[in-house]
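Protein chains: 2
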Amino acid sequence: MISEKSQLESAPFYTYLKKTAGMSDDEILRVSADLKRSKIEKGSLLLAKGAICNYSFFVEKGLLRSYMLDEAGKEHVIQFAPENWFIVDRSSVYFNDASESYIEAIEDTEVVLIGEDFICKANETSPAFRRFNDKLLHNHIRHMQNRINLLLGATAEVRYLSFIEMYPDLLLRVPQWMIASYLGITPESLSRVRKELAHKNFKST
Amino acid sequence: MISEKSQLESAPFYTYLKKTAGMSDDEILRVSADLKRSKIEKGSLLLAKGAICNYSFFVEKGLLRSYMLDEAGKEHVIQFAPENWFIVDRSSVYFNDASESYIEAIEDTEVVLIGEDFICKANETSPAFRRFNDKLLHNHIRHMQNRINLLLGATAEVRYLSFIEMYPDLLLRVPQWMIASYLGITPESLSRVRKELAHKNFKST
Chain G
1 MISEKSQLES
11 APFYTYLKKT
21 AGMSDDEILR
31 VSADLKRSKI
41 EKGSLLLAKG
51 AICNYSFFVE
61 KGLLRSYMLD
71 EAGKEHVIQF
81 APENWFIVDR
91 SSVYFNDASE
101 SYIEAIEDTE
111 VVLIGEDFIC
121 KANETSPAFR
131 RFNDKLLHNH
141 IRHMQNRINL
151 LLGATAEVRY
161 LSFIEMYPDL
171 LLRVPQWMIA
181 SYLGITPESL
191 SRVRKELAHK
201 NFKST
Chain B
1 MISEKSQLES
11 APFYTYLKKT
21 AGMSDDEILR
31 VSADLKRSKI
41 EKGSLLLAKG
51 AICNYSFFVE
61 KGLLRSYMLD
71 EAGKEHVIQF
81 APENWFIVDR
91 SSVYFNDASE
101 SYIEAIEDTE
111 VVLIGEDFIC
121 KANETSPAFR
131 RFNDKLLHNH
141 IRHMQNRINL
151 LLGATAEVRY
161 LSFIEMYPDL
171 LLRVPQWMIA
181 SYLGITPESL
191 SRVRKELAHK
201 NFKST
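These protein sequence lines map, in sequence, to chains G and B.
Residue numbers are given in the UniProt record's numbering: position 189 of the first sequence equals residue 189, and the series is strictly consecutive.
Residue numbers are given in the UniProt record's numbering: position 23 of the second sequence equals residue 23, and the series is strictly consecutive.
Just so you know, not all the hints are guaranteed correct.
Pairs involving identical chains hold if they fit within one copy or between any two copies, as the list cannot separate such chains.
Claimed, not checked - In silico DMTMM-like cross-links for lysine to aspartate or glutamate, where the CA-CA straight-line distance does not exceed 20 Å:
(1) K74 x E9
(2) K135 x D34
(3) K61 x E110
(4) K36 x E196
(5) K135 x E124
(6) K135 x E116
I should point out that these hints are in silico values taken from the structure, not numbers from a laboratory.
The structure displayed is predicted, hence computed values, not measured ones.
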């Protein structure tokens, strides 16, 4: 029989809090008791536009994406979240706005639901978590700024190379049209860029 | 003769810390002693690409903008910062990366230089500042996410209307080409949008 404690310790979020956020076993046990988990089937929505988002989601297994619809009803991918990533509609969770975005499971997915109460408790309990959480926010801002820079000024090729660097293991898990949507280019441009890169790599070997 | 204290209290940053961040006079006096100010002439750079950015800049008077150059050497405006705004190259100031961006004075400008030490001291001294600073970060993320959404999926008109909402007093202070650059559209598109909006407003009155 597996005890609750050892079950918890085998969870990816436990490992993440320990290895990445630098929390001690004791600290993790003190703050994790009320954490909820959820399973989302491939193709299902975890959040829909207009709803209030009460949680950040930590992906333990599977793959989520968030997207929005423009005025013409066209989808634009905002973010992908494979294992060990967080995904959230931040305006909704921090400012109680109705959500602008959708969060959908690209694969069967298991998430941990992270509420404001968890963050508060972890901040109070663990100085390491507080520093980590602060760094995480700044890093998030850094990535968003980088994305704005890419959308404003980079070629399709540079955007695609940056995508590969950020999400190295997603190329085979995500349909091409979603990658093109994330990059803000047409599927045709993505296809052209991929052919050109394959050609360059072929020549350089 | 004006004492140092009353000079400080007449400063816009003092008012900002008191009114917006919710700090008490006593807390502000305790943390502000070492703050530095700087004057930048119109057209001069406060930060150049490749430098390390050691400060966030709070604009007390005047107007700054940050921009980057793409591979073809074309400028892309990242942000404007009129009075009571902060501007910074965040990757550089928080992660010690060489700056990717330039910060330039559009008008003669006076700034307060906010170092990491000030933030730490203010966080320790004032619970109100700590909450405010946290909210500021989340709000920054919300605005960046909104900008990404606009760049991915919005028409030139929607982008322009969102600009007016965000920077209501900048239309007459900033050259049109810089606004177009910020919006990620051509100056011709901006000119067309402005004409169409003027026409709509004319008809609706």
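Evaluated hints:
When the C-alpha separation of K74 and E9 is checked against a cutoff of 20 Å, the pair qualifies neither within a copy, at 42 Å, nor between copies, at 51 Å. In the homo-oligomer, the alpha carbons of K135 and D34 never lie at most 20 Å apart, since the shortest distance is 25 Å inside one protomer and 25 Å across protomers. Only within a single protomer do K61 and E110 lie at most 20 Å apart by alpha-carbon distance; the minimum there is 5 Å, versus 50 Å between protomers. For a Cα distance limit of 20 Å, the shortest separation of K36 from E196 qualifies neither inside one copy, at 46 Å, nor across copies, at 51 Å.
Taking the shortest alpha-carbon separations for K135 and E124, both the intra-copy value of 16 Å and the inter-copy value of 17 Å come in at or below 20 Å. In the homo-oligomer, the alpha carbons of K135 and E116 lie at most 20 Å apart both inside one protomer (17 Å) and across protomers (13 Å), since each shortest distance falls under that limit.
The structure fails hints 1, 2 and 4 (numbered hints given earlier, in ascending order).
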